[in-house]
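A.B. asks: Residue numbers (my numbering), protein chains in the order written: chain P, 1 to 512; chain W, 1 to 512; chain B, 1 to 429; chain Z, 1 to 429.
Keep in mind that a hint or two might mislead.
[Claimed, not checked] So these bits of chain P aren't anywhere near chain Z, every CB distance computed over 10 Å:
hint, residue
1, T7
2, H179
3, E233
4, E302
[To be verified] Calculated lysine to aspartate or glutamate pairs in the DMTMM-like style (CA-CA distance at most 25 Å, straight line):
hint, chain 1, residue 1, chain 2, residue 2
5, P, K466, P, D477
6, W, K245, W, E233
7, P, K490, P, E18
8, B, K412, B, E398
9, W, K170, B, D139
10, P, K466, P, E492
11, B, K284, W, E492
12, W, K440, P, D361
13, P, K25, B, D240
14, W, K484, W, E494
15, B, K412, Z, D139
16, B, K268, B, D189
17, W, K357, B, D240
18, P, K371, P, D361
19, W, K197, W, E122
20, W, K24, Z, E11
21, W, K25, P, D361
22, P, K4, P, E492
23, P, K357, Z, E20
24, W, K440, B, D189
25, P, K170, Z, D139
26, P, K371, P, D444
27, Z, K307, Z, E333
28, B, K284, W, D444
29, P, K24, Z, E333
30, P, K4, P, E18
If you're looking for bench data, these hints aren't it; they were derived computationally from the structure.
All of these numbers come straight from a predicted model, not from anything done at the bench.
Backbone N, C-alpha and C fix where the C-beta goes; we use that ideal spot for every residue, glycine too.
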Amino acid sequence: MIRKVRTHINQNEPLLFERSSPGKKGYQLPELDVPAVDPVDALGPENTRDEIPGFPEVSEVDVIRHFTRLSTWNYAIDLGLYPLGSCTMKYNPRINEVVARIEGLAWAHPYQPEALSQGAMEIIAALEAALAEITGMHAVTLQPAAGAHGELTGILLTRALLASRGNPRKKILVPDSAHGTNPATATMAGYSVENIKSNDRGMIDVESLRRAVNEDVAALMVTNPNTVGVFEEEITRIAAILHEKGALVYMDGANMNALVGVARPGDFGVDVMHLNLHKTFSTPHGGGGPGSGAVAVTRELEPFLPAPRLKRAGGSWTWNYDLPQTIGRVRAYYGNFGVLVRALAYIMAHGAEGLRKATLDAVLNANYIRKLIEPYYQIAYDAPSMHECVFSDDRQAARGVRTGDIAKRLIDYGFHPYTVSFPLIVRGALMIEPTETEGKQELDLFCDALISIAREVEENPEIVLKAPHSTRTSRVDEVTAARKPIVRWKPESEAAQAPAEAITPATERAGP
Amino acid sequence: MIRKVRTHINQNEPLLFERSSPGKKGYQLPELDVPAVDPVDALGPENTRDEIPGFPEVSEVDVIRHFTRLSTWNYAIDLGLYPLGSCTMKYNPRINEVVARIEGLAWAHPYQPEALSQGAMEIIAALEAALAEITGMHAVTLQPAAGAHGELTGILLTRALLASRGNPRKKILVPDSAHGTNPATATMAGYSVENIKSNDRGMIDVESLRRAVNEDVAALMVTNPNTVGVFEEEITRIAAILHEKGALVYMDGANMNALVGVARPGDFGVDVMHLNLHKTFSTPHGGGGPGSGAVAVTRELEPFLPAPRLKRAGGSWTWNYDLPQTIGRVRAYYGNFGVLVRALAYIMAHGAEGLRKATLDAVLNANYIRKLIEPYYQIAYDAPSMHECVFSDDRQAARGVRTGDIAKRLIDYGFHPYTVSFPLIVRGALMIEPTETEGKQELDLFCDALISIAREVEENPEIVLKAPHSTRTSRVDEVTAARKPIVRWKPESEAAQAPAEAITPATERAGP
Amino acid sequence: MLDAIGVQAIEDLFRQLPPEVRFHGALNLPAGKSEYEIVDYFRARGAEGANGYASFLGAGVYNHYRPVLVDTVVSRGEFLTSYTPYQAEISQGILTSIFEFQTMVCQLTGMDAANASMYDGSTATPEAAMMAARITGRDRVLVARSVHPEYREVLRTYTQHQGIPVEEFAYDPGSGRIDADDLQRRLDDNTAAVIVQSPNFFGIVENIREAAAIAHKKGALLVDVFTEAVALGLIEPPSDADIVAGELQSFAISPSYGGPFAGVIATKQTYIRQMPGRLVGQTKDAQGNRAFCLTLATREQHIRREKATSNICTNQALIALMATVFMAVYGKEGLRELAVQNLSKARYLANRLPLRFRAPFFNEFVVSANGRSPEEINATLLGRKIIGGLPLGRYYPELDGCMLLCCTEMSKREHMDAVADAFGADSSK
Amino acid sequence: MLDAIGVQAIEDLFRQLPPEVRFHGALNLPAGKSEYEIVDYFRARGAEGANGYASFLGAGVYNHYRPVLVDTVVSRGEFLTSYTPYQAEISQGILTSIFEFQTMVCQLTGMDAANASMYDGSTATPEAAMMAARITGRDRVLVARSVHPEYREVLRTYTQHQGIPVEEFAYDPGSGRIDADDLQRRLDDNTAAVIVQSPNFFGIVENIREAAAIAHKKGALLVDVFTEAVALGLIEPPSDADIVAGELQSFAISPSYGGPFAGVIATKQTYIRQMPGRLVGQTKDAQGNRAFCLTLATREQHIRREKATSNICTNQALIALMATVFMAVYGKEGLRELAVQNLSKARYLANRLPLRFRAPFFNEFVVSANGRSPEEINATLLGRKIIGGLPLGRYYPELDGCMLLCCTEMSKREHMDAVADAFGADSSK
Ligand SMILES: Cc1ncc(COP(=O)(O)O)c(C=O)c1O
Ligand SMILES: Cc1ncc(COP(=O)(O)O)c(C=O)c1O
């Protein structure tokens, strides 16, 4: 029985281009207080474009209706549980949106005089300090724009340190459970990737690791808790193995929501790590971003951090560009400042105790779900779950139903699905991360839904295979999209001639 | 064929009280910087309450989800055409929401020193001046909070003027097409009401009027254009008839959207009138309010306006309370100031030419609809339509389908219905006001829907009689609601004992 | 579109307007402005205001923190740009929230039913008086002098031509509460309503039970008015009143130079049919699902016309929604804690100043200016970017030399100390 | 819940953490604060900023008006609190808007395909270079010195360890455009990409057609970078480039001390499969309705891992949505009119100052400080609450004594006059 949703009328809406009619406009500019210049005179005819063909021409009310209607086609945290594993889809406090828009912050130009930027610089400094405290690391850079960008920064730092010791080395070890950004990052930083097998508890196999570590290894990229939601219990031994051979430990901190206030990577041998401020520190995901991938490092790595760095001088903040060992900039200016404001506001609202309590509740919620649905779904590993729990579709696959189908059926029950088919080491993974901001009512509804689907798989698998049934858009054909990609609108006449491409479709994997 | 909507999943949501669990909270207060006081000590036990039984206990995310989910059950201008006749549901520019929240305005206390209130006072003065210009009247008060409140103010002004001439008189003439607030207002102002019949063109019958006007008549309340969307062509003659007998002409300006920039009531004999700023000047309707019912008067009525009045003295604004002839306050402070800010912003954005153009487009849109659906529905009166057009359900009633049913069926087509069963002089009225902010695409869809429904009435009346079919809530039983009124939530045990009441149900009338 | 209609120009659609009625000029208004210019204009007006000043004004308009969620909710187009929920099937959002509003107002006031909103407290008060007149069939109203002076003015404006004489009765000059003897003296068999306010205009908590007993003895109804809704989180609810008429501005509604606010009327079950304003009731839809709709519309102007309980039509729905969100955010514990903070702040400052009245107060209190004029003290404070209290002489000649001060959870200790200093109080006390 | 799980306390759920790993202290962070205190804190930080200053800074971050609709849209929870649209059936809102974004970027740039966003322009630039290297199988990159200096720094950080040497080529000291001869000299058969920016860092409009012709002659790709998207409303689109890497900050994205912004990469149809980042494509649902979904995911890290085109995962979706709303609001006419206003304002000020370069510019231009130091001029301006231009000596030693000024539609004439005055220019000119 579906208890969480009903269906309701929902407005259709064409594309902006289809809504356009010539001469419509949604703007009004102030009257020009200087003489108007003729562009062709000023730029020369060869530099001046004609009108932009196909560009929208709509009224203000068209715009608001367009995007309001579109928005109603989205699921969102504001509508309910969003248990995308590895994504930490927690509630986003609205106060953070308010403070990020405060005029002196939102309208600060990155090149305005430092004397007029002390407030912004203080915010950056305060957040760096708070994150250093939370991670137990020595220094933090806030320049990276997202987790993957933080990874790149961290591995470049690793490389710089090793190079300063004489040899940047050749490869990065990556557990087979790792997120795709880890190996992709290693490549971008000029390293080759060697995969490390997980053991039957979902953890890094320490013996395999020991065998793999040698003088060619620059670092291990370890996610902790890892992507099956399990704490790497041998982490100190693992770190020792790497360190012994002069290699570093990079920690992917995407799952830091399981640790804040409870354990600090700086205390268990991590040399460099990133945090996803948009996950652990609740800056909104915004349909795919923006994020921030703060990187925290040991004292030894600090000299290599991206330039510029904040420095206190004469009672005020200044940007220090005089950093002979820096890896250089990874981004223009100082990072996704607006995201940093939100993260600091989150930390201030919670305080030390609130942050710790969030961690406890996140782990509690994940374990509660695990307990309730374990009778119906195959848990991937016996090891204790932290902030997320990962199941396999083994039992359902026997009836021809895969994790992707269960996910689609969850939509009918009123939920955003979990992360589908990740991590790769789990056959048909269901990766569920509820976060601490969910209450018991919502969790119970979610577990009921999964249990009900498990029954449907037994009794009426068709209903699951054809799901969703209650959405305005029924199951979307991703294969065709990839085979003959149409990635922009064209007027109908032109669109007919779009070339076909033979591309292998993506796997069914969805998220994070 | 329904082209404008599909159906989509939509979240269920219990009442706040049903969502509560003990100890949950959505707030955090600052730490108290003074000693905490024990309330029982401070107030005495007899003045101190116990906890508030049943009051909500929910978390912040509960609150946002609750109201976000609820909001998705509403139709709104932001979602599409909202052709409630007489309500002028035009697009509400978002800039107005921004300016109304500017700190120095939103946080101005009505008793703060005048020296610190010049900005707010200037806004009031500027709006008064603009509305006087638009109406062609001499002076304006912005104290009334809505149209009906403006009516009361206006009729009290009338009474005060007549009283100052020696006799406040006894009755108010109200055309039978008038809005319910007109007669209700007359009663509140201590007058009896005499209805005036409309003629077969939907206008005031001048001869009947002439017969009704005598020395007992204080005023005629005339709506122009009237509620059938028709301009009272004889308005100057009508005014002369009243004036001849020493009576006044009150104009209900709810339909001023048909006249701004095109005709000014001050030029056709009106003595006193109200404007609905939430209609003509687009301050948002907000699910039922707030509004503002500015009242504009001739020079003769000015001395009676509610106190205080703005006065210019020594280069700045001051509130003048020294008004010996004032009718007194109709509201504390100075009116719905936040609404006034929005109305002024609207007027500034449009300028003289933009306001006039809005009027033209409003009339154009109404006539376009009229033309397209006239073959299918019975127009109430042949006379030319202004900003709205009114039909009768005569043809459909012959098949057992009434205006209320057609309205419900429109919902399935993705529209908010027109105003149902008003004005009362039209049998089964369909009162349609599109406003100027609708584009042709939306109007065409609307007309198609009405035409399609007309066909359904012929071919399959059941589908119309049982509508709506696609909403999360199907047709609501208003009769039961009125018979056994449940107007507050109670815990289930208590609710069972609610007393039944025998109340005649309201008619099917809906809006404005 | 012109073609479809069959005219040449839009102007042709105005041909029925007689020439003498047409306006042929151009309105004397500036040309349309861009967003940027409009924001500039209003910012400049705002900058002429009291930005950055601390304030100790209350007197019916309170300076409480507005939780951010409030604007988040009311800014949603689905709430902002809908209208009165005539069509229940596509208005369940606002209907449900109004039902919750009505319920919470009942919980706070101890009444059985509350309406969907009135314009504000000052207009809810005469509507309550008129309601009492309808219920009792009587036509005289007694109002305490300790009711908000502007509310009393509005009361007079509304009732004067309906043959409802309004008479005021005294407050006790020592306690600041109503003078029960004076009330008793003036009560007669034609009195429809006795109107008191609690906390009253001086911030003092009235004894509603006693006032109700006095009124009821003569067959009159007791109308309780409130302007400071936060007090309801802590003080004894006015359950003994027959009608409660209040202002919810304190519940996340910004002062906004006096409006828009949200008034409300609540009453006992038996008087429901005499209530003015919109009312939402629970019912079922055709499928048997719980649903809400506007109900008891036969009280209202659009059905009953000249016999309606009031002429109110458009109300303050969006503002009432702000109050609803506020109540949800604070909830049971929060509203009490907020009230205790207000009480504590007011006590902190009051303890250091010469109080005019004796009876317990909530977050406002009257102090005498120690022989100096309130205006003089306020002028000193203004120099320190503090707006002081409201001088009372204008409203109460006998309280000339006194001012009404208000402290809320937003009042900072340093500013309270500055106020005490301005009074020449001993700041070490 | 603990009962259901079968543990006594939440702490028990952490038993698997080895004791030496546990953190037993309390984090050294202040206690949790209320909304009110948090707003206070950040307002105080904001007040330490440049509120009320006029500014003539550009250099990659522009001061354009943000239409109110932008925040109206992005504040809707359905956009703000959703994530990457993995589940197409409940993500059509964001998917549709991204498809529109991609389309409009193509219309503006003359490219065939654009991705859903990159972190910003500075990271889009090296991604474009790496993309060119993959496409051409070559590994050398030439970048114009007139490309934003910080973009060039990021380019170097990204490419240095991938065996992609980056070499710079000169701008013409007279015109301010690229030095075509220098470019030609340095081009070789191993050059994957030539990177130019237009308008370039000096505000000057480059001749993309010519640059592309030069690059193509040697089999290299031309990468066109832009930082001032408003220019695209008026200048010839870079249709001859092979890859366009840009920054959309000008499209309703507040300067926000440097981010978050929205980068983008656009390219020709044939290179689609080498693009980094998310891409939305059109398809159908099971009922045959048009639908959108993420597509060509085989390029991406989550499928291709170490062989992916980039490691990018989270992008700047909400910020790209701001740009999308901006483009919809201004539209065809508006964007052009906006660009003309920018052009006109810049001309007004530039006409009164000693221009350093000769070639046509959009809304930025380099002036020499007439023998005084730019810092000195800026100091004078600061005293009048005006932030002047960016002194260029730090980035270009040869341009010591010059500054880069930017005028937008927000620049007021009186402030421009003040700038001219500070340069000692003849203000009557
Ligand atoms: C485990 C893990 N590592 C890294 C990332 C990459 O982070 P981002 O998406 O912020 O680049 C993610 C996020 O999706 C993740 O879940
Ligand atoms: C013709 C007419 N008169 C008066 C009113 C009353 O205005 P308000 O609802 O603002 O009190 C209305 C609005 O509904 C109306 O349509």
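A.B. asks: Indicate, hint by hint, whether the structure satisfies it.
C.D. replies: Hint check:
no.	hint	verdict
1	T7	13 Å, holds
2	H179	8 Å, violated
3	E233	6 Å, violated
4	E302	17 Å, holds
5	P:K466 to P:D477	12 Å, holds
6	W:K245 to W:E233	21 Å, holds
7	P:K490 to P:E18	10 Å, holds
8	B:K412 to B:E398	31 Å, violated
9	W:K170 to B:D139	20 Å, holds
10	P:K466 to P:E492	31 Å, violated
11	B:K284 to W:E492	16 Å, holds
12	W:K440 to P:D361	53 Å, violated
13	P:K25 to B:D240	59 Å, violated
14	W:K484 to W:E494	15 Å, holds
15	B:K412 to Z:D139	64 Å, violated
16	B:K268 to B:D189	22 Å, holds
17	W:K357 to B:D240	56 Å, violated
18	P:K371 to P:D361	15 Å, holds
19	W:K197 to W:E122	44 Å, violated
20	W:K24 to Z:E11	21 Å, holds
21	W:K25 to P:D361	15 Å, holds
22	P:K4 to P:E492	40 Å, violated
23	P:K357 to Z:E20	21 Å, holds
24	W:K440 to B:D189	64 Å, violated
25	P:K170 to Z:D139	20 Å, holds
26	P:K371 to P:D444	11 Å, holds
27	Z:K307 to Z:E333	43 Å, violated
28	B:K284 to W:D444	34 Å, violated
29	P:K24 to Z:E333	9 Å, holds
30	P:K4 to P:E18	35 Å, violated
Of the numbered hints stated above, those contradicted by the structure are hints 2, 3, 8, 10, 12, 13, 15, 17, 19, 22, 24, 27, 28 and 30, listed in ascending order.
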